[in-house]
Amino acid sequence: MKPKILAIGLACISSIVFWGCGQPQPAETDEAITLEFWTLQLLNFKETLEPMFAEYEALHPGVKIKWVDVPFSQGKKRALSAMMSPEVPDVINLNPDFAATLASRKALLNMNEVAPKAVKQAYLPVAWQAVSMRTKNEQGFAVGLPWYITSQVTLYNDALLKKAGWDTPPDSFESLLKLGQDLHRQDLGYALMPSLAEGGRFLKFLLKSGAPLYNGEGTLQMSSAAAEAHLQFWAEIYQEGLIPKESLTEGHRAAVDRYQSGSLALLMTGANFLNIVKENAPDVYEQTRVASQFPAGSPVVDFATMVLVVPQKTKHPKEAVDFAAFITNKTNQLAFAQAAPVLPSVTAALEDSYFSEYSPDDKIGQARAMSARQLLNAKQAFQVLPNQGKIGEVVDYYVQLALLGKTKPKAALEALQKRVD
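In this note's numbering, the protein residues as written are 1 to 421.
One should not assume that every hint holds.
As the list claims (entries may be wrong) - Okay, derived cross-link-like pairs now, BS3-like style, lysine-lysine, Cα gap no bigger than 27 Å in a straight line: (1) 278 <-> 363; (2) 406 <-> 178; (3) 64 <-> 315; (4) 178 <-> 162; (5) 390 <-> 363; (6) 204 <-> 379; (7) 410 <-> 178; (8) 117 <-> 77; (9) 379 <-> 408; (10) 163 <-> 46.
By construction, these hints were calculated from the structure, which means they are not laboratory data.
The structure presented is a predicted model; accordingly, all values stated were derived computationally and were not measured.
Use the sequences and the hints to build the structure in full.
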């Protein structure tokens, strides 16, 4: 049986919606309410999700849940089309980047304003930070309620490292360079295949390197000396052939394939990808060990969260927010995390023993515990900006120019800064 793997990456609210003291009010009707809930490619989890819907309906006799599952590849297009139509879904499962785009177009409710305080406080601080769009407003715009999370760990091929003369994986950018050189010199493959020009991924590498990413006004700060040094690091690695040329054109899936072929020493990925390696490349799986997120000691934990957003045009704002809070509560997140497998965004759920106990020979359990521990100890998250998707495209373009040697890193970052200002 194949494992279930998830396809995983405003201004004030208009007065025409039902409001009172910043909180959504129930629609004034005695008729039954139907909440339309869109998810992204989650039909495999029907047995987990449908009992949640039934429980919510039992607790709220006047509410019915209409579940619509959308293929992941169609998620953005379908959501954007829905936002432009008179009838919108009441709750939608999106990623924070696209949610920020919709929020910047005044299409979503601000969860900082409409979600009850107790609900907001239940989430991990970094999870709430990750769904809060950076604005000049100190509180920020929370584009949705955090749902499930995948947190990166480092999978490494122990046999390949030993061939290169290494007993442990690199834990810093400097040691990563050294491993790449050792592997390259012995024609053993590559240390890493980073997705440097995919969806603004370089911004996360930059943040993890310790370079300041934002200025005091909450806008991107790309032309610093630290940013230049980090881009120069990757440009040199790329131009020396220490990472695959495809790092600029292919994404995470290609890195997984290369790791499964045995020619990649490190794979930075979610713990759930161990299931894929185990099924597709059992020999590589036997040689795989698990380490904490790279680089060691960074206060920034690289994780991806999915959110449940509520469109501004919903006819039932109070009920929609309440339902989103119900789906993301401790009990339901724990059930979903055990089925998926992913991590919950609620602190109490992540502290459950399921995320800390595992047998010595259980690599997947070890990776799950490691990723959960990292998330619980995280101090800083990558926050989205308005129009994050467009910013990511601009970042990708200038990173490509620098790595290909078509412009110097300093010039690339200066041009990038002008584009995002």
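Do the hints match the structure? See the list:
1. 278 <-> 363: Satisfied, since the Cα-Cα distance of roughly 10 Å is no more than 27 Å.
2. 406 <-> 178: OK: residue 406 and residue 178 at ~25 Å, within 27 Å.
3. 64 <-> 315: The hint holds at about 14 Å.
4. 178 <-> 162: OK: residue 178 and residue 162 at ~14 Å, within 27 Å.
5. 390 <-> 363: 38 Å, violated
6. 204 <-> 379: 15 Å, holds
7. 410 <-> 178: Holds: residue 410 and residue 178 sit about 24 Å apart, inside 27 Å.
8. 117 <-> 77: 32 Å, violated
9. 379 <-> 408: 33 Å, violated
10. 163 <-> 46: With a Cα-Cα distance of about 45 Å, the restraint between residue 163 and residue 46 is violated, given a limit of 27 Å.
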